[in-house]
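Participant: Go ahead and model the full structure; you've got the sequences and the hints to work with.
In the order they appear, the protein sequences are chains A and B.
Okay, so the first sequence: first residue is 6 according to my numbering, each after it adds one.
Okay, so the second sequence: first residue is 3 according to my numbering, each after it adds one.
Hints are computed from structural coordinates only; laboratory data are not their basis.
Note that the Cβ used here is the ideal one computed from N, Cα and C, for glycine as well.
Hints are supplied without guarantee of correctness; some may be wrong.
To be verified - Calculated from the model, a selection of chain A residues having no Cβ within reach of chain B, i.e. all distances over 10 Å: (1) G45; (2) L124; (3) Y259.
Claimed, not checked - One side only, chain B facing chain A, incomplete, derived with CB under 10 Å: (4) V24; (5) P32; (6) A34; (7) A77; (8) G79; (9) P81; (10) G110; (11) G113; (12) L118; (13) G161; (14) S208.
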Amino acid sequence: MAVLPPKGKTVDRRPSMKGKIMQDVSNGAERSRAWPRDRGKSLHPKTKEQMEWFRQAQWATKYMDPKMLVSFKEATAGTPLLPRDMATMMFAGRLFMFDMLDGRKIYSVQVLKDVSESLDVISQTPGFQLVRGPVYWEGVQRIVGGRIGAIVTRTAASASFASNATGTIIFTAETIDQGAFWSLAAPTRIIIPQAGWYNFTFESTRSGTGNFSFDLLVWKNGVLFTSQRGANLNSSAGAMARASIIDFCAAGDYYELKVVSYGAAATWSASKVVVVGNA
Amino acid sequence: MAKLTGPLLSFGARGSLGKTMVISKWRGVPYARSYVVPANPQTAAQQQVRTTFALLREMWKLAPAQLQDAWNAFASGRPFTGMNKEVGENVRVLNGEADMSNYIASPGAGGGLVPLTMNAVTGVVAGTIDVTVTAPAAPSGWVLTKAVAIGFKDQDPAGIFDGTISVVEDLVAPYVMTLTGLPAGELCIVSAWLVWTKPDGKLAYSVSVNDSAVADA
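Facilitator: Right, here's the structure in full:
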């Protein structure tokens with residue numbers, strides 16, 4: 006076996022038989038010893054911190070309410086989990102849920118965070134709400150509806166307009182009006198009483214037999230806002246068109262329903278506006 | 003004189019040769035070296051730990067069987083003894099403290115359920131403290147075997163243990179016990195725990211809970 010000269014930065018190292026015997030100076034005294042075995046690195050401070058946290062969690066578990074510990078025993082019976090595992094998960098904020106005897110379910114804040122972050126996959130825009138789309142769930146602008154709303158209709162005879170002429174529906178009645186959206190003083194207008202998000206549904210039915218098309222037009226503050234094309238394919242019952250919009254409205258904004266029939270004069274019945282908002 | 007049970011540097015060599023050479027192990031590695039007087043800086047912190055350690059060792063010697071049983075159950079099947087842990091865990095919680103209120107008399111073992119309440123009040127006879135323990139409902143198949151309480155004079159953990167350790171146990175509810183033989187008129191630490199018998203016949207020890215009271219004068 007070769008005797009090797011000392012290598013590296015080690016001081017006071019004597020020529021040694023690598024892997025077998027090491028000679029050095031310890032505490033000022035000559036020392037011969039077996040070659041030290043390879044050792045792993047010392048624990049990372051974070052690891053030490055986690056180990057200490059775990060140790061304290063185990064101690065804290067022993068002082069828990071006996072009723073809760075019994076519940077843990079029952080919950081883990083027949084599973085690979087130990088009751089203390091449940092407690093540890095609880096301390097770590099990872100226990101999914103407590104099922105209380107009165108039927109309540111108590112979730113940890115960590116679970117709330119986890120679920121919330123998973124929903125961020127769908128939408129991260131504050132104020133949006135989740136809606137089941139045709140393929141996936143989707144995030145859409147939120148309507149905290151139901152606080153105020155109105156249903157405004159035309160109960161008078163059908164309105165008639167010439168071919169290709171844009172006519173404004175005059176409403177004649179309201180079945181619900183929680184915010185003075187409509188009045189006889191301005192019977193064509195849905196007037197927003199308070200600022201906020203609103204959901205509108207406008208609809209009207211073009212009467213008559215024939216093969217024709219028409220537009221349902223929603224105007225806002227005297228300007229075209231959106232339109233919905235309708236068509237009748239030789240039905241004697243006519244055809245209905247409906248337009249739904251979600252809009253952020255200022256107090257005093259007003260909306261009107263206009264119609265236009267292409268190729269022939271038309272009469273319009275069952276005209277209605279449903280509006281609901283969170284002002 | 004070194005005791006040599008094998009060749010030099012083998013597993014069996016350990017000890018000093020006169021005051022000239024030492025054969026020993028360092029973290030499992032056998033070595034031989036010249037004898038040197040061991041370093042002993044004796045810092046204040048080191049001395050404090052040492053005296054607390056010594057006090058706890060003394061307490062272990064004086065400890066009643068019920069206390070040692072709890073720690074030995076905790077150590078059962080593990081690479082340390084009950085005494086190791088009793089000293090180690092209590093050094094951790096008593097070092098630097100001014101009194102013994104943190105003392106752990108039972109570390110809990112086998113999942114024993116902790117007492118719901120424990121109350122210690124001055125007794126009616128000199129040197130006594132009355133202890134009342136209430137137990138939780140037993141889990142299915144479990145039997146509450148007994149309640150155990152110990153008491154000793156409160157003192158600075160960094161010192162020589164003063165006094166004795168009084169013990170009492172109660173096998174039947176209600177668990178109202180009287181600790182005797184305590185120093186009259188002195189503030190004492192009282193610690194109590196429960197011993198359960200599990201469906202498999204094994205004992206489970208609760209962790210101890212502490213209170214303090216003055217022994218009747």
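Participant: Examine each Cβ of chain B, and state whether all of them lie more than 10 Å from the Cβ of A:Y259.
Facilitator: Holds, because the least Cβ-Cβ distance between A:Y259 and chain B comes to about 68 Å, which exceeds 10 Å.
Participant: With 10 Å as the cut and Cβ atoms as the points, is B:V24 at the interface with chain A?
Facilitator: Status holds, d = 9 Å.
Participant: If you take the shortest Cβ to Cβ gap from B:S208 to chain A, is it below 10 Å?
Facilitator: holds, 7 Å
Participant: Do the numbers back the hint for B:P81, that is, is its least Cβ distance to chain A under 10 Å?
Facilitator: violated, 16 Å
Participant: A:L124: least C-beta distance to chain B exceeds 10 Å?
Facilitator: holds, 38 Å
Participant: Given B:G161 as an interface hint, is its Cβ closer than 10 Å to any Cβ of chain A?
Facilitator: violated, 26 Å
Participant: Please verify that hint: B:A77, Cβ, nearest Cβ of chain A, below 10 Å or not.
Facilitator: Violated, because the Cβ-Cβ distance from B:A77 to chain A comes to roughly 15 Å (cut-off 10 Å).
Participant: Min Cβ distance, B:A34 to chain A: is it shorter than 10 Å?
Facilitator: B:A34 check passes; min Cβ-Cβ to chain A is 5 Å, inside 10 Å.
Participant: Hint B:G113 vs chain A: min CB-CB distance below 10 Å?
Facilitator: Cβ of B:G113 sits 6 Å from chain A, so the hint holds.
Participant: Given B:P32 as an interface hint, is the shortest Cβ-Cβ distance to chain A below 10 Å?
Facilitator: Constraint on B:P32 satisfied, holds at 5 Å.
Participant: For the restraint on B:G79, tell me whether the closest CB of chain A is nearer than 10 Å.
Facilitator: violated, 15 Å
Participant: Is the interface hint satisfied for B:L118? The criterion is a beta-carbon contact with chain A at less than 10 Å.
Facilitator: Given a least distance of 7 Å, the restraint on B:L118 holds.
The structure shown violates the earlier hints numbered 7, 8, 9, 13.
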